[in-house]
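Residues per chain are reported as follows:
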Amino acid sequence: MSQTDTTALLASIASLVKTELAPLASAIDQEGVYPADFLHKLGALGGFSAAIPKEYGGAELGLNTQIDITTAVGRECGSTAFLTWCQSTCAWYLLHSPNETVKQRYLPLVAQGKLLAGTGMSNTVKHLAGIEKIHLTATREGNDYVVSGSLPWVSNIGKDHLAIVAASVGEEGYIMFAIRGDSEGLALNPCPEFSGLEGTQTLNMRFRNVRISTDDVLAKPDQFKSFISRIKPGFVLGQLGIGFGIIEGSLKTIRESNITTAHVNIYLDEQETDLATRLESLRKEVSNLAPQAENGTARILDILRARANGSEATLAAAQSALLHAGAKGYLMRHPAQRRLREAVFVAIVTPALKHLRKEIHDLEQHANVEAA
Amino acid sequence: MKQWMCGPCGLIYDEALGLPEHGLPPGTKFEDIPDDWECPDCGVTKADFYLIPD
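For the protein sequence lines, the chains are C and H, in the order given. Just so we're aligned: the first sequence equals residues 91 to 462 in my numbering. Just so we're aligned: the second sequence equals residues 54 to 107 in my numbering.
Some hints could be false.
Dumping the calculated SDA-like pairs for lysine to any residue here, alpha-carbon to alpha-carbon at most 20 Å [claimed, not checked]:
no. : chain 1 : residue 1 : chain 2 : residue 2
1   : C       : Lys448    : C       : Glu222
2   : C       : Lys223    : H       : Thr98
3   : C       : Lys216    : H       : Leu72
4   : C       : Lys315    : C       : Pro198
Listed below are several chain C residues computed to face chain H (Cβ distance under 8 Å; list not exhaustive) [as the list claims (entries may be wrong)]:
no. : residue
5   : Ala126
6   : Arg296
7   : Asn299
If you are wondering where the hints come from, they were derived from the structure by calculation, not from laboratory data. We put the beta carbon where it would ideally sit given N, CA and C, even for glycine.
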């Protein structure tokens, strides 16, 4: 990995974000503008492929660089940082799939942003943590699978997109597979209006006897458990980039607010320096964990704790930004209220803060039993 | 008349109000809705709805 390559990539992405994304941030959040053009340009620059080897069309700069890219996007727009995570995480899934056919078919296209892709793994991840039942069921027919059921909300999808999801195959276990948005038997329905992030193209996926070829399967039942363990640390850690971007944006709002009202803002509990120190500490933690997620040695408990800390720090920073801005921060045109809604999203998107606390609790209990 | 909540998306089905825009007139009891009916907002079936206590 070359530091020069990383610095150059981040500089070109920061420039693209400033000129082509920042002016759209409010419209993306509230008016449902989906930044497809920006995503394609970001992909062409290498914005989704930092953790992908060159042989699959990647930049091969590491997961830390991918998190830095998501942060750079999130500094201006939390919605698009989330989309950046969706896309780069689908590339991450494909990279680690034991099925070379599905990898060759989709990874270069997804990594370069030529084929936009959403990850519909929320239900499965919650199901595996003992939180809810799985919504997609599959039956085997020869080498293929036939899938039915519904996933309430999947982001960054559309007729010309790819989605990566999982289904239960009864006693056999689970499969994880890729599906094109225009597949026969798949309906993509609009969702009720969200309070923000409206431009993330979040749709309800309804499967009715959708046939999945074995060539589109990322993990078969006998591969699923080890596959999920392999991808989960990077899946969870990558989301920290969204939070870091929102925190940086919130710190900027705090600095701007202090130009006129520092004399009163000093009475608030969370000051810029406190939040910046907290961000730096989290960054170091994530920076140490990212290479472990890449080489498969990360302890999931460390990853979940870092993600929970990230949610809490993001909420604290966004709330502080709004309190620093005061009444004008409550105007819809002010970024502080958008940042607060984006921060809440970081805390409720799977794994949500309550999910993280449950999983951390369960793992700690298990460790205590093992130690006893 | 009872109210039922969709587990995944939180939609409330109020038997008194029904869902006329989705073919369920006011007064339609949850038990009288066909089993293959789907939540209009998220597509799950009746089995994923929970009775809201009074």
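Status of each hint after checking the structure:
no.	hint	in the structure
1	C:Lys448 to C:Glu222	holds (13 Å)
2	C:Lys223 to H:Thr98	holds (13 Å)
3	C:Lys216 to H:Leu72	violated (30 Å)
4	C:Lys315 to C:Pro198	violated (25 Å)
5	Ala126	violated (25 Å)
6	Arg296	holds (4 Å)
7	Asn299	violated (14 Å)
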